[in-house]
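Asker: If you're matching positions, the sequence shown starts at 20 in the working numbering and goes up one per residue.
You may find that some hints are simply not true.
Unchecked claim - Here are the simulated DSS-like pairs of lysine-lysine, each with C-alpha atoms no more than 30 Å apart in a straight line: (1) LYS160 <-> LYS119; (2) LYS120 <-> LYS233; (3) LYS92 <-> LYS233; (4) LYS193 <-> LYS119; (5) LYS233 <-> LYS68; (6) LYS92 <-> LYS211; (7) LYS68 <-> LYS120; (8) LYS223 <-> LYS233; (9) LYS193 <-> LYS132; (10) LYS211 <-> LYS193; (11) LYS119 <-> LYS211.
Said to hold, decoys possible - Pairwise CB distance ranges, derived in the manner of DEER restraints: (12) THR108 <-> ARG57: 29 to 37 Å; (13) ARG89 <-> SER55: 42 to 50 Å; (14) ALA213 <-> GLU167: 27 to 35 Å; (15) LYS160 <-> ASP191: 36 to 44 Å; (16) VAL182 <-> GLU54: 18 to 26 Å; (17) ARG60 <-> LYS160: 30 to 38 Å; (18) SER166 <-> ASP191: 31 to 39 Å; (19) GLY214 <-> PRO116: 14 to 22 Å; (20) ASN168 <-> LEU107: 15 to 23 Å.
None of these hints come from the bench; they were simulated from the model.
Bear in mind the structure is a predicted one, so any value in this text is a computation, not a measurement.
The beta carbon of each residue, even a glycine, is placed where N, CA and C say it ideally should be.
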Amino acid sequence: MSSMKKAVRIIPLIVLPVLSVCCDHSEETYHYQGESFRYSRTFNDLNQKHMEAAEAFGLSEAPQTRDDIRTSKLREISTCKLYTVETLTYSVPYLTPAAKKELEAICMEFQRKLKAAGLPPYRPIVTSVLRTREDVSNLRKVNINSSENSSHCYGTTFDLACVRFDKVHRKDAKIPASDLKTALAEVLKSEKEAGRIYVKYEVKQNCFHISCRK
20 MSSMKKAVRI IPLIVLPVLS VCCDHSEETY HYQGESFRYS RTFNDLNQKH
70 MEAAEAFGLS EAPQTRDDIR TSKLREISTC KLYTVETLTY SVPYLTPAAK
120 KELEAICMEF QRKLKAAGLP PYRPIVTSVL RTREDVSNLR KVNINSSENS
170 SHCYGTTFDL ACVRFDKVHR KDAKIPASDL KTALAEVLKS EKEAGRIYVK
220 YEVKQNCFHI SCRK
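Produce the complete structure using the sequences and hints provided.
Answerer: And the structure:
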């Protein structure tokens, strides 16, 4: 019987112009101003730095329970034209005045970048804000990787999703989440280099963990 050669299907290699992704999410890279960066290396401010900012500029004492929260020194945040606040389970939607302004500045610049690139508007999604000690304890029961000593307890810290974004107009074309993530990373890198924020890329939580430094 004569041998038969199996047909081999050749799949062309697709090179993404904006973001190259490896199998390990911690090795994801993005391009910014002609250079390539790794998310995990660019945004690697450890918890100690976040805590230093929180204790210096946040609430003088972390609330034990939600009944202990005094909102007179905080500002409430809610879904608006700049960002979307998802349903919160282990936190409440409050930040210090400076942290709220920083959140607004980040989201405003993010939308400006999209508009300048001719892309439709999207809103970053806020996934976690102020936590009480009780919230932290409850969270650690379902997420062992969460920190017991959390900067979220002082009102200076918020998390922004990095794989999910809220499209403003449903009729607009869908933009790949990887491209939106890159745009947000560009904004965060600029703010971090300006000394306004600390940022930790939380791989397992799919978010940027951000603390205001003022």
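Asker: Quick check: which numbered hints come out false for this structure?
Answerer: none
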